[in-house]
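S.K.: Under the working numbering, read the sequence shown as residues 8 to 208, first letter to last.
Simulated from the structure, these hints should not be mistaken for lab results. Please note that the accuracy of each hint is not assured.
Stated by the list, open to error - What follows is a set of in silico ranges between Cβ atoms, one per label pair, in the way DEER data are often shown:
no.	residue 1	residue 2	range
1	Asn143	Ala192	37 to 47 angstroms
2	Leu139	Thr178	18 to 28 angstroms
3	Ala17	Ala172	33 to 43 angstroms
4	Thr178	Gln144	45 to 55 angstroms
The beta carbon of each residue, even a glycine, is placed where N, CA and C say it ideally should be.
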Amino acid sequence: MLNTILSMLAFALIGAITPGPVNIIATSSGATYGMVRTFPHVLGATLGYTLVVLTSGFLVAQMGRLLPLFTEGLLYLGSAFLLYMAYRIATMRPLDTLGEVTAITAPKLTEGALVQLLNPKAWMVSTSGVALFVSNQADSLQWLLIFGTVSFCMCLLGVGFWAVAGQLFHTLLGKPGRQTVFNRALGGILAATVIVMLTES
């Protein structure tokens, strides 16, 4: 049992900490608003991913053949939402003062959750994890809850890491020109991620 849980931890952490749409948004928000104001996005993304894991577990158990159709629909809906987020990041105006940063809204908990719920990568990773660690167990419900808990912890750690990394960039982005370049670069990377996701599907 311990070996399985350790494997789960490694799998979930790698899935959570590798660069992807959620982490790009967390980095951008951390750099602009700091970790405290980015935390709702981090928590929302974590809750969203945990819901994806639990839903994947039930879908795999009940309707395995319908899952590919479900993820294909998410691919297009999720891509549209992520392109919108890429546009928001790329066109974010530089903030000159702390007062401006305070006045402008950071990504919300609901946006963090939506990015995960509409992210085909999240569904693919969670479904793979369910197939690896849950489906072949005698007590699949217990193992799904364990995998969901592990995924929650590792996602919080992984997305939080990128938000903290973004905050560390903040000192390098003191000038408005640097903020503009940084935001456009992250927006471009997020858009490119969506394009790659679409072409590989």
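S.K.: Confirm or reject each hint.
M.R.: Structure-based check of all given hints:
The supplied range of 37 to 47 angstroms is met by Asn143 and Ala192, whose beta-carbon atoms lie about 43 angstroms from each other. One distance hint, 18 to 28 angstroms for the beta-carbon pair Leu139 and Thr178, is violated here, with the actual separation near 41 angstroms. For the hinted restraint 33 to 43 angstroms between Ala17 and Ala172, the CB-CB distance of approximately 21 angstroms leaves it violated. Checked against the hint of 45 to 55 angstroms, the pair Thr178 and Gln144 passes, with Cβ atoms roughly 47 angstroms apart.
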